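Since the structure of chain A is already known, use the hints to place chains B, C and D on it.
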Amino acid sequence: MNLQEYQARDIFARYGLPVPRGEVASTPAEARAVAERLGTRVVVKAQVLVGGRGKAGGVRLADTPQAAEEAARAILGMHIKGLKVRKVLVAEAAEIASEIYLGLVIDRAARRAALMASAEGGVDIEEVARRSPEKIVKVNIHPFLGLRDYQARELAWGIGLEGEIIKDFLRVADGLYRAFIEVDASLAEINPLVNTPQGRFVAVDTKIVLDDNARFRRPQLADLSGEVEENPREAEARQHGLSYVALGGDIGCLVNGAGLAMASMDVIKLYGGEPANFLDVGGGAGADKVATALRLILSDERVSAVLINIFGGITRCDEVARGILEATEEIRPRVPMVTRLVGTNEEEGRRILADADLITAASLAEAAQKAVQLARQRTSSNREESP
Amino acid sequence: MNLQEYQARDIFARYGLPVPRGEVASTPAEARAVAERLGTRVVVKAQVLVGGRGKAGGVRLADTPQAAEEAARAILGMHIKGLKVRKVLVAEAAEIASEIYLGLVIDRAARRAALMASAEGGVDIEEVARRSPEKIVKVNIHPFLGLRDYQARELAWGIGLEGEIIKDFLRVADGLYRAFIEVDASLAEINPLVNTPQGRFVAVDTKIVLDDNARFRRPQLADLSGEVEENPREAEARQHGLSYVALGGDIGCLVNGAGLAMASMDVIKLYGGEPANFLDVGGGAGADKVATALRLILSDERVSAVLINIFGGITRCDEVARGILEATEEIRPRVPMVTRLVGTNEEEGRRILADADLITAASLAEAAQKAVQLARQRTSSNREESP
Amino acid sequence: MSILIDADSRVLVQGITGREGAFHTRQMLDYRTRVVAGVTPGRGGESVEGVPVFDTVRQAVAATGAHVSVIYVPAPFAPDALYEAADAGVGLIVCITEGIPILDMIRVRAYLDQRGVRLIGPNCPGLISPGRSKVGIIPGNICAPGPVGLVSRSGTLTYEVVYELTRVGIGQSTVVGIGGDPILGSDFIDILKLFEADPETRAVVLIGEIGGNDEERAAEFIAAQVSKPVVAFVAGRSAPAGKRMGHAGAIISGGSGTAAEKIAALERAGVPVARHPAEVAEWVGEST
Amino acid sequence: MSILIDADSRVLVQGITGREGAFHTRQMLDYRTRVVAGVTPGRGGESVEGVPVFDTVRQAVAATGAHVSVIYVPAPFAPDALYEAADAGVGLIVCITEGIPILDMIRVRAYLDQRGVRLIGPNCPGLISPGRSKVGIIPGNICAPGPVGLVSRSGTLTYEVVYELTRVGIGQSTVVGIGGDPILGSDFIDILKLFEADPETRAVVLIGEIGGNDEERAAEFIAAQVSKPVVAFVAGRSAPAGKRMGHAGAIISGGSGTAAEKIAALERAGVPVARHPAEVAEWVGEST
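Protein chains in written order, with the numbering used here: chain A, 707 to 1093; chain B, 707 to 1093; chain C, 15 to 302; chain D, 15 to 302.
Extracted from the complex, chain A is given alone in its bound form (with noise of 0.2 angstroms):
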């Protein structure tokens, strides 16, 4: 789970990071009061999970209060990337003798963290990495051993700092380790971390990614979530234990298991068509788990012909079958589906669905380029039903 920068901060700040004073404001008028109680020139910086939010006007620097409340007036309510910004972070605008960038990535090929730095911050990362990989500096972090102090005044030598700035150096990789294993987290950067003309480091962008896997284990973050911003599709979906993701396709989707999915998907665009979602009911789902999935993806407006593929495991095919007939005696979808059972119970499964109103096919080709086939009639019946 993607954390808001002023989360990110905020756990950040607890352990010993130098973040910037600043408070989060959902209105203008909050984001003045809070650049009265700094006192100093302000950030005024939309909260949203995606990049690039300065080159659309997300980030505005503040003189004074009225000022601040200027920039949260306009940026509150403004869209990046289609997400709406709901709050702002109006934080202590740092002074910038010269900006890194600092973070703590799984690197899955090492199997271990590393930390990553380079004397280019406060640009896109990976861009750097792509462009010219020889800036980024990178170790890897023993388990068992945590990161060292040497490790990290290797990044600090490898990307040309020197002097008294490395001991403030180790401290802040030393904090950012520590918040990375404490909160269970798959990703924590600072970008850029800037140094001032003071010489002391300002952590000026901040993000955390959590491992969802952890979420267990980590009740102090409990209230974290709900902050994201996600497709209140992919929400509802989370809450019944579905792995769903929105696309920009017609196709509806709904597969057992996640490679099948994304398999599904790929042969639904082969054969010319769009998948509007990635749904994953998980191994072994009930007939009512099966029927949730289905009012989901049938829920979506622009669905206009539903792909189900089962290859049934442990997902029994007759309970699938039940899922599906519950689902749409009680919504009666407008849309064509064809429906692909192969596996255990198979033949059950088929039977059950033999009197419902069913495409069937007996492969995944079959079934994907039925479902693009009837997709396309729709929509093209459609077009000539409301010109």
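There could be a bad hint or two in this list.
As the list claims (entries may be wrong) - Each computed DSSO-like pair below joins lysine-lysine, with the alpha-carbon atoms no more than 27 angstroms apart:
| # | chain 1 | residue 1 | chain 2 | residue 2 |
| --- | --- | --- | --- | --- |
| 1 | D | 257 | B | 975 |
| 2 | C | 257 | A | 790 |
| 3 | B | 761 | B | 841 |
| 4 | B | 995 | D | 257 |
| 5 | B | 787 | B | 975 |
| 6 | A | 1076 | A | 995 |
| 7 | A | 844 | C | 257 |
| 8 | A | 1076 | A | 975 |
| 9 | C | 242 | A | 975 |
| 10 | A | 761 | A | 790 |
| 11 | B | 1076 | B | 995 |
| 12 | A | 975 | A | 787 |
| 13 | C | 257 | A | 787 |
| 14 | B | 790 | B | 761 |
| 15 | B | 844 | D | 242 |
| 16 | B | 761 | B | 787 |
| 17 | B | 761 | D | 257 |
| 18 | A | 995 | C | 257 |
| 19 | B | 975 | B | 844 |
| 20 | D | 257 | B | 787 |
| 21 | C | 257 | A | 761 |
| 22 | B | 790 | D | 257 |
What the hints assert, rightly or not - Covered by chain B, according to a simulated footprint, are these stretches of chain D (three or more residues, beta-carbon under 8 angstroms):
| # | segment |
| --- | --- |
| 23 | 93-107 |
| 24 | 155-168 |
Derived from the structure by calculation, the hints contain no laboratory data.
Bear in mind that the values here come from a model prediction, so they are computed numbers and not experimental data.
Just so it is clear, CB atoms sit at the ideal spot from N, CA and C, and this is done for glycine as well.
What follows is chains B, C and D alone, placed relative to chain A:
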């Protein structure tokens, strides 16, 4: 450093271990007050750093506050194996269904900490180890994983625990391990860990030995120093950074290096003498430190001869000689001293000592023989003088 | 021959008294896997589907000689189960459990590597050597013995491909689901090495998906060290960036880990990449 | 030949700018040890006794090819120095530092074992191959080249024995001080194996002391696997129980670790145990 029982129990209590309610008392009146506060049958226990308190009458049950006061009066001031009792622990008496042993030690051969348990608790565990080692079960703890539940479970089953009490055992083992690690102990044990008729564990007697090398990073334990009973000369030596152990004999020893110091004692004994002390001045000792060491040895009235054995490596013989001269000029020792200096700057050292009233020797064997002979002469002449 | 498991493999089930553990113990026994022991703390002395249950892995290993363990315990307890199996001397651990925190798996992997224990998974369907043994949850009825080794990051997608292979008459030597998590016990290369060395395996199917660069590294390895024909499928051509697609490891982050990159790398290594699952079977048929 | 170090050993000094580090760097150079680099964080670019100083071990190793490191940094920083040396690929580490907490050393040892790095010490005088190289603080002037290998838990007691050996004309192949702490990098057995395999070493002196059971285990090893004559000395026949005799590891606890037990074990293994240091030299003279 050995901690007193009440110090160990205070530490264990912080880690959630089930120590009985209780407080330490220095007077009979205090003991009575504690018993009143507890409001139950209590046990009054001498706080001394030796085993065998019970046999010596240093542990008494008391049904009433009045009885507790009387018990404390009997125990306070008594001597157990030469140590005077200055404090008693007054604690709630536990009902005993069974007693087990649970302890964490350093397993030198395995180079790991080891958790040991035995169904024979409340007795000398080393005696059990010798008599019936099969009654002790042990697991080595990987330093990077820490004690895992499955290991503690193996111990629990190994000593015959069954049912719900195993969960309590896991909690106790976990707390003991955390305490052990977080105070940097070299030993932490509960003996006995009592299982009450109600099926609860009570940590009736507790022991911690701290790793002196780790004191620098455990400031929270700083206030525990000074609580330790030791020979006053040992305490003074410690303050001066000297490693000194009082022994029973009459030949004082001043040596550089622990192994050589032991060897010097051994050779004294080989030739029929008895060392008065172990003393290692340490590597690279200067004149001041040597003088301090010699003063310390000479302050021991039992000493009837001194053996100084220096093998100069980092330690310079001339520095040692200067230290000897400094101390002898100040004290004018009444006992003969044999010096043997070899190694770095030995000629210079010998020259410095040439005018002093010292017996020299070329080898350790010779030095020891001379010291033994001189001590004997002095003892017999003393006997003649004071018939 | 097969890789990793065969008819002699003596299998231990950790979490055998749980719903999943008991169900799949039955399934494995039905497939004639030699399930010799189960472990659930506090349940020692019971039995599940006729398999004796022990309190600790050490006891189970001592009593039954089990040397393969399959883990069905819930995520919060899975790391301990893994450490326990490793400490008890089990040589191959198959971890079915989904949802283990990444930082736990980093620690587990470091410890297992140090002890020289091989791990398959976590968050995987396990493995099957058709006609000999299955350890995990892959449905036995869709498999057939034969010359094709299959290694996959996916579950049901694997079944889909196996189903197509079997349907066109191509059997499998061993099918290995390595799992969908970012930190895995065994990766493509580990399994490819085994298939390359296995005389019975004559061709290999590799099923990848978005996220990480395991497929890219596998492609390099295949180009350099695999002599047998390999056919691949990569799921997620149509997946968007920044979204976790079900599996914890299936995410395109920072523009890397895309299906396009993986497919390009595999094709550069001379590995044909099928466009849909059935095509895998067709192409394997042509290559063998 | 000698064991562990010879004239080609390229040595790195961690903590070279400290008082002890600088002093012994001079001593080692005077003994013609090839001290090629020093490390002190933040002091890179300086030099000590003509030896270039680096900020990190990795830099020092890359620039100079050092493969032996000797550590003089204070106890609170020594574990990090050990980890750093191991991470940088140093193959042999000699840790002179005294006073490292036991739990730190347990962790260090576990990590070094995993990386396959050999450690001598801590709390040791280091080692010397007379006439070739010395790494640590053993005074070179008391040693002479020759056929006797010496391994000891002690410092000055070692010098005493070496002095006696040299005095009666018996030179040494390598003298190794393994240190006086409870948790050691290398124990008697580790070093005995090397002496047994070294063609130049014709006899071995083992110097033990009270505490632990390293001598007992060494005795078993000697009986089973050492063909060369061994003479021993064990310090602490007169030491009382329960008191730490200087060295952190020199303590008779719970009635075990006594000199008497160790002497008995060695004698059972056919190893004569001298009663005083000079006797060691006499007996070695007779045995070679």
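Hint numbers contradicted by this structure: Result: hints 9, 15, 19, 23 break, sorted rising.
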